[in-house]
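Student: Please take these sequences and the hints and turn them into a complete structure.
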Amino acid sequence: MIKYMIRRLALAALILFVAVTAMFLMIRAVPGDPVQIMLGPRATPELQASLTAALGLDQPIWKQLVIFYSKMMQGDLGVDVFSGRSVTQIVMQQLPYTLELIFASIIWSALLGVIFGAYAAANPNTFWDRMIAFVSVSFIAAPAFVIALLSLLVFAVQLRWFPAIGVGEGFWSRLHHVVLPAFAIGLSWVGYIARLVRASMLEVLGEHHIRTARAFGLAERRIIMVYALRIAILPVITVIGVGMGFLLSAAVFAEIVFARPGLGKLVIDSITTRNYPVVMGAVLVSTGLFVLSTAISDIVNAWLDPRSRQSL
Amino acid sequence: MSDPITDKETKVKMSDHRQSEFLKIVGGVAKNPLGLIGLIIVGVFVFCALFADWIVPHDPVGMNIKDRLQGPSTTYFLGTDQLGRDTFSRLIMGSQVALKVALPAVFGAMFIGLTLGMIAGYGPRWLDNFLSLIFDTIRSFPTVMFALAVVALVGPSLQTVVFVVMATSIPIYGRVARTQTLALRNSEFILAERSMGASLFRILGIHMMPNIIGVLSVLAAMDIPTVIALEAGLSFLGLGVKPPTPSWGSLLKDGYALIRQTPWLIVAGGLPIIIATLGFTFLGETLRDVVDPRLRKNR
Amino acid sequence: MTAPLLQIDGVTIDYNTKKGNLRALRDISFDVNKGEIVGIVGESGCGKSTLISTILQLLPQNAEWKKGAINFKGKNLIACSEKEMRDMRGKDISVIFQDPMQSLNPVITIGRQMVDIQHRSTSPYVEKWQKAIDMLSMVGIADAETRLKQHPFEFSGGMLQRIAIAMALMSRPDLLIADEPTTALDATLEVEIIKRLKDLHKEMGCSILFISHHLGVIAELCQRVVVMYAGSVVEFGSVDEIFFNPKHPYTRRLIECDPGHIKERAKRLPTIPGEIPDLTEALEGCIFQERCSEIIAKCKISTPHFVSVGQNHQAACWLNHNQEPE
Numbered sequence: 001m002i003k004y005m006i007r008r009l010a011l012a013a014l015i016l017f018v019a020v021t022a023m024f025l026m027i028r029a030v031p032g033d034p035v036q037i038m039l040g041p042r043a044t045p046e047l048q049a050s051l052t053a054a055l056g057l058d059q060p061i062w063k064q065l066v067i068f069y070s071k072m073m074q075g076d077l078g079v080d081v082f083s084g085r086s087v088t089q090i091v092m093q094q095l096p097y098t099l100e101l102i103f104a105s106i107i108w109s110a111l112l113g114v115i116f117g118a119y120a121a122a123n124p125n126t127f128w129d130r131m132i133a134f135v136s137v138s139f140i141a142a143p144a145f146v147i148a149l150l151s152l153l154v155f156a157v158q159l160r161w162f163p164a165i166g167v168g169e170g171f172w173s174r175l176h177h178v179v180l181p182a183f184a185i186g187l188s189w190v191g192y193i194a195r196l197v198r199a200s201m202l203e204v205l206g207e208h209h210i211r212t213a214r215a216f217g218l219a220e221r222r223i224i225m226v227y228a229l230r231i232a233i234l235p236v237i238t239v240i241g242v243g244m245g246f247l248l249s250a251a252v253f254a255e256i257v258f259a260r261p262g263l264g265k266l267v268i269d270s271i272t273t274r275n276y277p278v279v280m281g282a283v284l285v286s287t288g289l290f291v292l293s294t295a296i297s298d299i300v301n302a303w304l305d306p307r308s309r310q311s312l
Numbered sequence: 313m314s315d316p317i318t319d320k321e322t323k324v325k326m327s328d329h330r331q332s333e334f335l336k337i338v339g340g341v342a343k344n345p346l347g348l349i350g351l352i353i354v355g356v357f358v359f360c361a362l363f364a365d366w367i368v369p370h371d372p373v374g375m376n377i378k379d380r381l382q383g384p385s386t387t388y389f390l391g392t393d394q395l396g397r398d399t400f401s402r403l404i405m406g407s408q409v410a411l412k413v414a415l416p417a418v419f420g421a422m423f424i425g426l427t428l429g430m431i432a433g434y435g436p437r438w439l440d441n442f443l444s445l446i447f448d449t450i451r452s453f454p455t456v457m458f459a460l461a462v463v464a465l466v467g468p469s470l471q472t473v474v475f476v477v478m479a480t481s482i483p484i485y486g487r488v489a490r491t492q493t494l495a496l497r498n499s500e501f502i503l504a505e506r507s508m509g510a511s512l513f514r515i516l517g518i519h520m521m522p523n524i525i526g527v528l529s530v531l532a533a534m535d536i537p538t539v540i541a542l543e544a545g546l547s548f549l550g551l552g553v554k555p556p557t558p559s560w561g562s563l564l565k566d567g568y569a570l571i572r573q574t575p576w577l578i579v580a581g582g583l584p585i586i587i588a589t590l591g592f593t594f595l596g597e598t599l600r601d602v603v604d605p606r607l608r609k610n611r
Numbered sequence: 612m613t614a615p616l617l618q619i620d621g622v623t624i625d626y627n628t629k630k631g632n633l634r635a636l637r638d639i640s641f642d643v644n645k646g647e648i649v650g651i652v653g654e655s656g657c658g659k660s661t662l663i664s665t666i667l668q669l670l671p672q673n674a675e676w677k678k679g680a681i682n683f684k685g686k687n688l689i690a691c692s693e694k695e696m697r698d699m700r701g702k703d704i705s706v707i708f709q710d711p712m713q714s715l716n717p718v719i720t721i722g723r724q725m726v727d728i729q730h731r732s733t734s735p736y737v738e739k740w741q742k743a744i745d746m747l748s749m750v751g752i753a754d755a756e757t758r759l760k761q762h763p764f765e766f767s768g769g770m771l772q773r774i775a776i777a778m779a780l781m782s783r784p785d786l787l788i789a790d791e792p793t794t795a796l797d798a799t800l801e802v803e804i805i806k807r808l809k810d811l812h813k814e815m816g817c818s819i820l821f822i823s824h825h826l827g828v829i830a831e832l833c834q835r836v837v838v839m840y841a842g843s844v845v846e847f848g849s850v851d852e853i854f855f856n857p858k859h860p861y862t863r864r865l866i867e868c869d870p871g872h873i874k875e876r877a878k879r880l881p882t883i884p885g886e887i888p889d890l891t892e893a894l895e896g897c898i899f900q901e902r903c904s905e906i907i908a909k910c911k912i913s914t915p916h917f918v919s920v921g922q923n924h925q926a927a928c929w930l931n932h933n934q935e936p937e
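Protein chains in written order, with my numbering: chain C, 1 to 312; chain F, 313 to 611; chain Y, 612 to 937.
The set of hints was computed from the structure by calculation and includes no laboratory data.
Computed from a predicted model, the values in this text were never measured in an experiment.
You may find that some hints are simply not true.
Using C-beta positions, here's what the derived DEER-type ranges look like [unchecked claim]:
no.: 1; chain 1: F; residue 1: Arg497; chain 2: C; residue 2: Val18; range: 25 to 31 angstroms
no.: 2; chain 1: F; residue 1: Asn441; chain 2: Y; residue 2: Gln761; range: 33 to 39 angstroms
no.: 3; chain 1: Y; residue 1: Glu693; chain 2: F; residue 2: Ser499; range: 34 to 40 angstroms
no.: 4; chain 1: C; residue 1: Val18; chain 2: F; residue 2: Ser499; range: 31 to 37 angstroms
no.: 5; chain 1: C; residue 1: Ser83; chain 2: F; residue 2: Ile424; range: 38 to 44 angstroms
no.: 6; chain 1: C; residue 1: Phe127; chain 2: Y; residue 2: Thr733; range: 35 to 41 angstroms
no.: 7; chain 1: C; residue 1: Met225; chain 2: F; residue 2: Gly509; range: 57 to 63 angstroms
By construction, the Cβ of each residue, glycine as well, lies at the ideal position given by its N, Cα and C atoms.
Tutor: Right under this line is the structure:
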């Protein structure tokens, strides 16, 4: 198990290394003065000079990369072009809002998705099974930002049930504020998870140990809820890791539509002001988050399902 | 080898066979109610995109300040925006933009993914590891974040959107093509070809590709709605196609700014996106069930 | 004489498949008396597993009940409701399945599973846990206390099968069905499991329906044997009668093919030529006709019925009819 963990995390580190290097090289590959591009046209000449020196742009490219990495390791992602504040600080300030939104979305969509999927698998080929299948496909297809806009229009602007902007203060108010954005970006995950759970549940219900459980007269409900679901739910955990990436993407839209602070809003605002260090810092952090969450979900999966430890 | 006449005949037969196979697939899709709905929606969508210039009742970029922010009427079916442009006309033109992004992006990604995937699956181990790592790396970026980073660097344009969408979906095709190639690599007919000394190009291009491309086409069909949504999303953020080009996303952007005054703009811009993505998804799903025998068996 | 514990009477089951009606069980009849061990022999695909599912009423959806009755302790299982059946499963009737590696839940600890199957008992958790420990010790698993906290993948196949036996005997059932319990195990483990079953049978006194295609095991363990072929019973009788005086050609072939019975060094192992007939097709006459070396004209025309060919010994073959005065 420990060995698996180390290998999985090493792979994650390797991927992150390649990703960051690629991003670094991409910035360099763009024609024009890299400092100009990184800082944007509004940067002062002094700032340009200091950044050129800080990044050691007169040095060969591999040396620049080394400097970039050694700074990153120390948690230094550069400075905001305008305020001069540390990018790390700015990003970390916004991160909790995005995480709050993503976790809220995962929780509600996973709960509903598992219930839908398990119910459909327990009653295959019935009316409700087909209905759930149809609804799942429709949910999956619906783009998050359109759902966000329409739910903003209906539930916030027209019905005024939920606030239209901001994150709120205090637990209840924050919860109240997160409902609509979490609904919008979690909706397609309800569909994904329902389908996933249905498929894996049907597979598990056909396994021999389920027959054993039935042969011992265990109640059907207990067989489905405990004996089968424990196994059928495993792929959901893996998928939630991947889902982090999708949710990080969808969160950008939800944050814009509902004017919530967060990584996405930070990136968009920084793009419009051409504050490139902040853009890159935020993209880097969200990528790191995604890589880490996929690795963690794989590890959790290996822990829950001892059989999957063999791979990798 | 064989004389040209029989070779030609086989080719004709092959294409005949392909055609009937295609009709069979379309028939299979249409038999499923969901597939039929998808087929109709996609048909209408493609029709709108192809003949947009003839369909639009007003100039989609023509401003008419006098008629700005009007509600739905007989002249303007879906009202007008803040510059007095006809929403309906912009919607129709928007379908063209969506298709202009989706088709090159999806086909480009499919072709590059197919090539890289086959190389990874057929080439030496180190190359496979290398390409797999590249695929994993691209997938490790959250799509929209990656798009934003690229847009931030090179500036928003239709080409940027196409590039971003293509880059992010290459790994999807690449991985599937790789697995398929690995599976086919040791199949009897490939071994037979190899033992007869067939060239690499012949093996990959003539024998493997036709077997892989079917699965990839299904993937592509299922990828189109994602691409349409991403284009609209980026345009909504003001980072997609440049104004005044009418994209569904920029329509929503205008609607969002005026959500309290003119709610119909959001509905008018949002519904086509939802309907189009639903249509493509229904079609893609049914197509997968019809084409992929492995999944068909499970039904 | 008291009524038999399990009485299977003319059970006929079809499967609705795409290829047509598959006649899985044809007019199966036999009894299992109290405290008796009855063996069922036959090749794979002869309907042994369907028979178990039928007794437990756990048939797949596409199975169709044609006719017959299963009387267990004076109750017709066919007429039982799902709830009545569930009450009996694991309490009056227990099963040991073929592959121990697959028949236990992989993600739940052995102890939890052993406690869960005592769901009918109202005793506290601690007592159920203790009972699980006792049962494991009984089947010879050392250090039961710690073993209970482990998952199935941490055990060997032989151990798992002993655990399965412990689970099946936990409720002291009247009938234990063992579905090829040794097929997935090594030969040495097989001997051990059989010995263990024999001892436990002596101790608990339950009836056992033992299903196997291994004749040696049947001979070792059972008192009576039922020979099945292609969904039908072709011969049944006491172990001695079946092994020393087989009256059906199929039984004879089966015994000849058993490696334990080959006395001289044969050039090649004897086999029964041919394959089990396609059960979806209607067949006239004897079910074994296509592979029978002693076929006579009558075999192709009508299905032979059972005649007594010895003490407590019956076979369904026209050859035996000829010997009897009509």
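Student: Which of the listed hints are broken here?
Tutor: 3
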